[in-house]
Amino acid sequence: MPDEPVFHGAPFLKSLNKGLYEPAGSRSLGESTERSSKHNRAVTAEVPQFQEWRRAANAIKAYTVRNLDKLLVEFERNLTARGVEVLWAADAEEANRHVIDIARRNGVTSVVKGKSMVSEEMELNHHFEAAGIRAVETDLGEYIVQLAGQRPTHIVTPALHLSAEDVGRLFAEKLGEPFSAEHQHLTHVARRHLRNEYLKAEMGMSGVNFGLADTGTLVIVENEGNSGLSCSTPPVHVALMGIEKLLPRIEHLPVFLNLLGRSGTGQKLTTYTHFIQGAAPGRKLYVVIIDNGRSQVLRDSAAHMALYCIRCGACLNACPVYRRAGGWAYGWVYPGPIGAVLVPHLVGLDQAGKLPFASSLCGACGEVCPVKIDIPHQLVHLRHRAVNEPSPMRSWTERLTWTLWSWAMRGPLRYRTAMAAVRLGVRLAPYLPWHPGKLGAWTRARALPKVPGPAFRTWWRRKG
Amino acid sequence: MSTPGEIAPRRDSPPYQPGEPVALFIPCYIDQFYPQIGTATADLLRRHGCPVVFPEKQTCCGQPAFNSGYWDEARGVIRHFARTFADHRWIVCPSGSCTAMCRVFFGHVDPDEQVVDVGRRVFELSEFLVDILGVTDTGACFPHKVALHVGCHGLRELGLSDQPLRLLQSVRELEYVDLPNADECCGFGGTFSVKMPGTSIAMGRTKAENVLRSGAEVVASPDVSCLMHFGGIIARDPAMKHIRTMHLAELLNHHA
Ligand code: SF4
Numbered sequence: 001m002p003d004e005p006v007f008h009g010a011p012f013l014k015s016l017n018k019g020l021y022e023p024a025g026s027r028s029l030g031e032s033t034e035r036s037s038k039h040n041r042a043v044t045a046e047v048p049q050f051q052e053w054r055r056a057a058n059a060i061k062a063y064t065v066r067n068l069d070k071l072l073v074e075f076e077r078n079l080t081a082r083g084v085e086v087l088w089a090a091d092a093e094e095a096n097r098h099v100i101d102i103a104r105r106n107g108v109t110s111v112v113k114g115k116s117m118v119s120e121e122m123e124l125n126h127h128f129e130a131a132g133i134r135a136v137e138t139d140l141g142e143y144i145v146q147l148a149g150q151r152p153t154h155i156v157t158p159a160l161h162l163s164a165e166d167v168g169r170l171f172a173e174k175l176g177e178p179f180s181a182e183h184q185h186l187t188h189v190a191r192r193h194l195r196n197e198y199l200k201a202e203m204g205m206s207g208v209n210f211g212l213a214d215t216g217t218l219v220i221v222e223n224e225g226n227s228g229l230s231c232s233t234p235p236v237h238v239a240l241m242g243i244e245k246l247l248p249r250i251e252h253l254p255v256f257l258n259l260l261g262r263s264g265t266g267q268k269l270t271t272y273t274h275f276i277q278g279a280a281p282g283r284k285l286y287v288v289i290i291d292n293g294r295s296q297v298l299r300d301s302a303a304h305m306a307l308y309c310i311r312c313g314a315c316l317n318a319c320p321v322y323r324r325a326g327g328w329a330y331g332w333v334y335p336g337p338i339g340a341v342l343v344p345h346l347v348g349l350d351q352a353g354k355l356p357f358a359s360s361l362c363g364a365c366g367e368v369c370p371v372k373i374d375i376p377h378q379l380v381h382l383r384h385r386a387v388n389e390p391s392p393m394r395s396w397t398e399r400l401t402w403t404l405w406s407w408a409m410r411g412p413l414r415y416r417t418a419m420a421a422v423r424l425g426v427r428l429a430p431y432l433p434w435h436p437g438k439l440g441a442w443t444r445a446r447a448l449p450k451v452p453g454p455a456f457r458t459w460w461r462r463k464g
Numbered sequence: 001m002s003t004p005g006e007i008a009p010r011r012d013s014p015p016y017q018p019g020e021p022v023a024l025f026i027p028c029y030i031d032q033f034y035p036q037i038g039t040a041t042a043d044l045l046r047r048h049g050c051p052v053v054f055p056e057k058q059t060c061c062g063q064p065a066f067n068s069g070y071w072d073e074a075r076g077v078i079r080h081f082a083r084t085f086a087d088h089r090w091i092v093c094p095s096g097s098c099t100a101m102c103r104v105f106f107g108h109v110d111p112d113e114q115v116v117d118v119g120r121r122v123f124e125l126s127e128f129l130v131d132i133l134g135v136t137d138t139g140a141c142f143p144h145k146v147a148l149h150v151g152c153h154g155l156r157e158l159g160l161s162d163q164p165l166r167l168l169q170s171v172r173e174l175e176y177v178d179l180p181n182a183d184e185c186c187g188f189g190g191t192f193s194v195k196m197p198g199t200s201i202a203m204g205r206t207k208a209e210n211v212l213r214s215g216a217e218v219v220a221s222p223d224v225s226c227l228m229h230f231g232g233i234i235a236r237d238p239a240m241k242h243i244r245t246m247h248l249a250e251l252l253n254h255h256a
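Protein sequence lines, in the order shown, are assigned to chains A and B. For the first sequence, counting from 1, position 134 maps to 134 in the working numbering; every step adds exactly one. For the second sequence, counting from 1, position 196 maps to 196 in the working numbering; every step adds exactly one.
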């Protein structure tokens, strides 16, 4: 089983990114992502209007992000009218304070959690632990990685890097269960253990997939039923959501439900779709709405699409780099193509400036994204920013190289001279005892092209 | 800006009139390391009745700097390109990747309408043959088992779909074989190949293994940069000795 990565926030991005250079993802992650990507593509290809849905979803999200300020106020008003307490958090720290405060106010000692990526951003479990509150993840994948003391490697299927054997060994070790690698058996074991947790817990947590501004409705989709139980069994429910999770009106929802199930898990619809409209009598509902760097995206007008993401995970599954590097290599909560786009905004280019370079720009992510985020174009945009702003990618030597290159490429004579040097270099390379830097990076597993006779332009002049 | 999944903007233009000159854009690495692809491209176009010209001031499309984030440095090169090709109505390039740079990305770097307009006149070779000239049979003959690899930029930025395939399939005596996971990236990615070499090589290995599995003797592509990368892996592997890589233009120029 892979070692637990050190993970206490953005500063660790720097050292963790190694896996992007030398692939370190597990075999089972590579295989499962390839399988689900193929399956999801087949499912989406069956729907004739799929491309129309994508366009519609993109347009709805564009409207939402443009009008986020007004929609958030409308959302809050409608939530409050339903007796929900709404709390705003500028960053993870404030969000954690709110949650721990709610727990204290309600005398909570034990919490069950449905899946929430925002809670990962906040590292909420550490904060619960520090406050002496027991918090248990109830999504099967999250439960597994929590038991293993690890971090999710995928935003939809957090334990994708582990095989059934790994999980069997883990359950044997941590839960004292007899070893089994049989899926159904393992699910039963988890279910049995989790059932007690639901009954004990005084507070349940969840994420929010969509917040409907016009009615103050929280929409949560899931497959295991655990989020529903987490929201409804304990007397207190705290829902965490990023500021971008809104949809203006309930009419906008169906297209997103259609897209999310198909792109996320290859289902026509997820097994459960919960609509929460205020707290049930005698219960309390809190909604914590979190910025945590999202408004940084709003400041970059070319980057707004990064906020359209509905966290379906399709771009991760489709990404050949993610498949080989695994989720931890990206260093923070969001891995894969959308992580490489989102994280630099959320934690800053100075921390995450390398991520946009972790891509061959093949565009498989943009092709599958159900809300049509132009991910590959976002990546080059961020590369442009990363070399111009404080970031690990800003380098004087590289700047100088490209300045010289640019000069050489602006006239035919300079071009010929520069190319003559390159040709000489490639010709001499086989005789060098070792290959430095980028040349060595190329030749470590790849042959160099053979230098031919005259260049095309020379041939053209003679005979063309 | 174009959105992904949409076919990149191609200038709405009147159809090609017989006799109109076609300007070749031969990307720098083809010019220097694969000149035979340039000559094959010129021959192909001539055989189908196009007068071919080669604006000799041309250098590069700016893609390496653009993809690395150095847009200011790329801009100067793009403007040089736009000046060089300003008077040419039809520009044809034997590379999907460089064509995508011209047609899709010039506008990201340079708002100048004239520059963007020149970029939109650039066509990838197979696209020009099939969509503009209406040619699917080039009269070639190539008695080998051939697999096809279409580079990602051609596939996803230009929306090249079946043009290269149709050209291949009309070649006499050619046995076409399917490449498993054909639309998966080979891992070249320009500077990605040397910035993240481990991952790039792992991807290239997968591609090479898929070529081997397909049973192809030759893997053809409209993008020689991909071939340089995973062909470089094939060339080092004794088990893949029998596999050759070849640009589509060269293959289409083969006659019995
Ligand atoms: S960026 Fe698109 S494909 Fe990736 S997780 Fe978000 S919605 Fe899904």
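In short, the hints are calculated from the structure, not lab data. Take the hints with a grain of salt, since some may be wrong.
Derived list of chain A stretches under chain B, where covered just means 3 residues or more per stretch with a C-beta under 8 Å from a C-beta of chain B [unchecked claim]:
#1 17-28
#2 129-136
#3 172-186
#4 386-394
#5 415-427
Computed far set for chain A versus chain B, every beta-carbon distance over 12 Å [to be verified]:
#6 Arg-66
#7 Val-86
#8 Gly-278
No residue lacks a Cβ here, since even glycine has one placed at the ideal position from N, Cα and C.
Which numbered hints fail = 2, 3
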